[in-house]
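S.K.: Line by line, the protein sequences are chains F and X.
Quick note: the first sequence uses this note's numbering, first residue 1, plus one each step.
Quick note: the second sequence uses this note's numbering, first residue 1, plus one each step.
Be careful, since some hints might not be right.
Some, not all, of what chain F presents toward chain X, calculated at C-beta under 10 Å [unchecked claim]: (1) 7; (2) 46; (3) 47; (4) 105; (5) 114; (6) 235; (7) 242; (8) 244; (9) 415; (10) 420.
By construction, these hints were calculated from the structure, which means they are not laboratory data.
Glycine is no exception: its CB is placed at the ideal position from the N, C-alpha and C atoms.
If you want the building blocks of each chain, they are given just below.
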Amino acid sequence: MIRRILQVARREYLAYVRTKTFLLGVLMLPLILAMAFGLPAIMESMPKPPKAFTVIDETGRHAEALVDSVRAEAGVAGGIIRIEMRDHVYLTPAQLELPRDPAARDAALQAQAIGGKLFAWFVIRADSTGRASGLDFYTMDVSSQRLAQMVRRLLNRMVMIEDLSPHVGDAAFLERALSGVALNTHAVTAEGEEEATVAHAARAYAPLAFVYLLWIAILTMSSYLMTSTIEEKSSRIVEILLSSVSPFEFLMGKLVGLSGAGLTQLAAWGIAGVLISSAIPGGGATREILSGLAGAFSGANVFWFALFFLLGFLFYASFYIGVGSVCNTLREAQNLLQPVMIVMMIPLFLMVYVTNNPDTIFAVIGSFFPPFTPFLMMNRIPATPPAPLWQILLAAVLMIVSTWAAVRASAKVFRIGVLMYGKRPTLPEILRWARQRS
Amino acid sequence: MTATAPAALQLDQVYKAFGDHLAVDGVSVRIPLGMVYGFIGPNGAGKTTTLRMIVDIIRPDRGTVTVLGETDPAAIRSRIGYLPEERGMYVKMRTLEFVTYLGALKGMTMSDARRRGAELMQQLGLGDWQAATVDALSKGMQQKLQFIATLVHDPELLILDEPFSGLDPVNVEVMTEAILALRRRGRTVIFSTHMMDHAERLCDAILMIHRGQKVLDGPLSDIKAHAPHRAIRLTCYGEKDFVRDLPYVARVRAYGNDLEVFVQPGTPPQRLLRDVVDRVEVSRFDVSDPSLYDIFLEQVAPERTHRIEADGSWVSTEAGPAGPPGVEP
Numbered sequence: 001m002i003r004r005i006l007q008v009a010r011r012e013y014l015a016y017v018r019t020k021t022f023l024l025g026v027l028m029l030p031l032i033l034a035m036a037f038g039l040p041a042i043m044e045s046m047p048k049p050p051k052a053f054t055v056i057d058e059t060g061r062h063a064e065a066l067v068d069s070v071r072a073e074a075g076v077a078g079g080i081i082r083i084e085m086r087d088h089v090y091l092t093p094a095q096l097e098l099p100r101d102p103a104a105r106d107a108a109l110q111a112q113a114i115g116g117k118l119f120a121w122f123v124i125r126a127d128s129t130g131r132a133s134g135l136d137f138y139t140m141d142v143s144s145q146r147l148a149q150m151v152r153r154l155l156n157r158m159v160m161i162e163d164l165s166p167h168v169g170d171a172a173f174l175e176r177a178l179s180g181v182a183l184n185t186h187a188v189t190a191e192g193e194e195e196a197t198v199a200h201a202a203r204a205y206a207p208l209a210f211v212y213l214l215w216i217a218i219l220t221m222s223s224y225l226m227t228s229t230i231e232e233k234s235s236r237i238v239e240i241l242l243s244s245v246s247p248f249e250f251l252m253g254k255l256v257g258l259s260g261a262g263l264t265q266l267a268a269w270g271i272a273g274v275l276i277s278s279a280i281p282g283g284g285a286t287r288e289i290l291s292g293l294a295g296a297f298s299g300a301n302v303f304w305f306a307l308f309f310l311l312g313f314l315f316y317a318s319f320y321i322g323v324g325s326v327c328n329t330l331r332e333a334q335n336l337l338q339p340v341m342i343v344m345m346i347p348l349f350l351m352v353y354v355t356n357n358p359d360t361i362f363a364v365i366g367s368f369f370p371p372f373t374p375f376l377m378m379n380r381i382p383a384t385p386p387a388p389l390w391q392i393l394l395a396a397v398l399m400i401v402s403t404w405a406a407v408r409a410s411a412k413v414f415r416i417g418v419l420m421y422g423k424r425p426t427l428p429e430i431l432r433w434a435r436q437r438s
Numbered sequence: 001m002t003a004t005a006p007a008a009l010q011l012d013q014v015y016k017a018f019g020d021h022l023a024v025d026g027v028s029v030r031i032p033l034g035m036v037y038g039f040i041g042p043n044g045a046g047k048t049t050t051l052r053m054i055v056d057i058i059r060p061d062r063g064t065v066t067v068l069g070e071t072d073p074a075a076i077r078s079r080i081g082y083l084p085e086e087r088g089m090y091v092k093m094r095t096l097e098f099v100t101y102l103g104a105l106k107g108m109t110m111s112d113a114r115r116r117g118a119e120l121m122q123q124l125g126l127g128d129w130q131a132a133t134v135d136a137l138s139k140g141m142q143q144k145l146q147f148i149a150t151l152v153h154d155p156e157l158l159i160l161d162e163p164f165s166g167l168d169p170v171n172v173e174v175m176t177e178a179i180l181a182l183r184r185r186g187r188t189v190i191f192s193t194h195m196m197d198h199a200e201r202l203c204d205a206i207l208m209i210h211r212g213q214k215v216l217d218g219p220l221s222d223i224k225a226h227a228p229h230r231a232i233r234l235t236c237y238g239e240k241d242f243v244r245d246l247p248y249v250a251r252v253r254a255y256g257n258d259l260e261v262f263v264q265p266g267t268p269p270q271r272l273l274r275d276v277v278d279r280v281e282v283s284r285f286d287v288s289d290p291s292l293y294d295i296f297l298e299q300v301a302p303e304r305t306h307r308i309e310a311d312g313s314w315v316s317t318e319a320g321p322a323g324p325p326g327v328e329p
């Protein structure tokens, strides 16, 4: 029996790993990783011309001090001001050779911005008393607001100091009063607290990525199995095979073969992940995000990920093969699969909620419901707080039992369905087959 | 009769229903080893269902199936070869790989299956096609490949469902030769057919089946010897209705100018000849052994006329209370 199952598994494995579906599946994760992290990393490393801005100061006394404050806060190297990983450079109005007349000046600024020489400019408006009363920000890129926010904050402070100075003699006091309090975010971990970084954010959201990958892998491989079952049925090869192997052996062989292909895919993803992360230059945000992902997917989590991947695949693949065996065309199968698809969608809708609230009663109970178990457990295991071990074990046991039941039921439906041509059996008929004793 | 000699197959009161339709209705048969055995009957008679129960693709509702002395289907899977009527293949697989795979499923080692498959492909003229994918083969070559895949593991019992259907004349000869060669080597071959002439040429013994029930079975020579009527075929021109009314004539089938006349047992054929030459012009008069087809009709519906359509269905005319055979339960 084992021998025949392995023979079927071997053929199914080889047939699947030669398909384009498998190649795309293997390449998908590296491609996504490469695009998500590689491209920005490459962009980051490429030399970029600094974005030039200027400040038109109608009050005539703030511009220089303001730009100095910006430099002081953002940090300057060789005249370059670095904000939001982009280089900025300040050009004085004199450097831009602007005309004095305001209308002509605005036209010239606009021309220089369009011409690419200038990225943005500020105009500090003055009221009739000469006090700064407004700040206008003109930019080619309204999505980049960090510089404008910084300038506004610093200008506000300068205006306040100017306004309050006559009334408060103590300059140091004024300075201190306006400083307010700073916000520092700390991440608490088992190793003690450390400063919150991008890596922590990546780690918090890593479960989302895993659930999604699991979902995609299960869906593509199950669909492949269903399609191949329909093909074997409609090409009538199945009758030859069933004179050599029992329906149960055949079904198990297909499941084992595809599980092997799935694990091959996971291994390929793992290797690709390691290769890509080591290829990306050290330092920088990309590196931190990757180390965050790696932190979520390490040690025991690798084992659980593989286990729940396998169980989830076997569970859903049983339904897909059962459906494939009673249908003659893909279209029939898709109709019959709609309820399964709806159940499969629910964990996807839940994954953000569960990632943020992994220990709510809703998430805990949901993760013991077998159709959701693989996804919700994948969601909860790397989350904070992680799922307790007893819950993981209980979910795994429940999942193993229900997967076994699904495979048995599927084999019974398969045995009858795969030799029935013509009319598709009704759902009550299929359920009756699934329950009958073999 | 007690079954002491080893049997290739024994069916005891086997029943199988699909919904309201009783496909196989209490069939019992015992097939000794080393025979070529034909299951004959019209399409829809229950031949395929019976064969599928023998190879455990479907299970009987009642009754027992004993194959090569075993009632456990798992124990004999590797000792039988089965060629279904609807023959599918993995079209993207290489031919030898396909044969090797089926051999391995039957318990051969991969290397044995590959070597034996290559030998058989060589013998049947597919030697140059071992690296081709299945879909590159012509239909005739695919049929040969399927046959090879059925016997690559040298089964003791071969079960062939309509092995001649869809074959070109050349492959019919190849198949016939292969079946006879298997018998020479002591193998048992059971095949089904609705073509009586194939059965007559090849079989040592037959089982006739109609509407799920056994009509008769046994060695072909016995069946023919005990046939109650002989058909007299004559071709004649003129008014022939009087033939039907001759006192010693049991039944007449008319096909235009050709008549098949069945006379009462014990009637010498010359008596008919004498009676007809006086009244009509006779251009042929031939007394032959009853064909299996005649015997079959004699058994199932002597009062009705039947015709075999090109697709293998047998149509009854002279509508009685029932419709065509094999359609009703």
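S.K.: The structure should be examined with respect to each hint, and the outcome stated for every one.
M.R.: Here is how each hint holds up against the structure:
no.	hint	in the structure
1	7	holds (5 Å)
2	46	violated (45 Å)
3	47	violated (51 Å)
4	105	violated (73 Å)
5	114	violated (59 Å)
6	235	holds (4 Å)
7	242	holds (5 Å)
8	244	holds (4 Å)
9	415	holds (9 Å)
10	420	holds (9 Å)
Going through the hint list in order, the structure does not satisfy hints 2, 3, 4 and 5.
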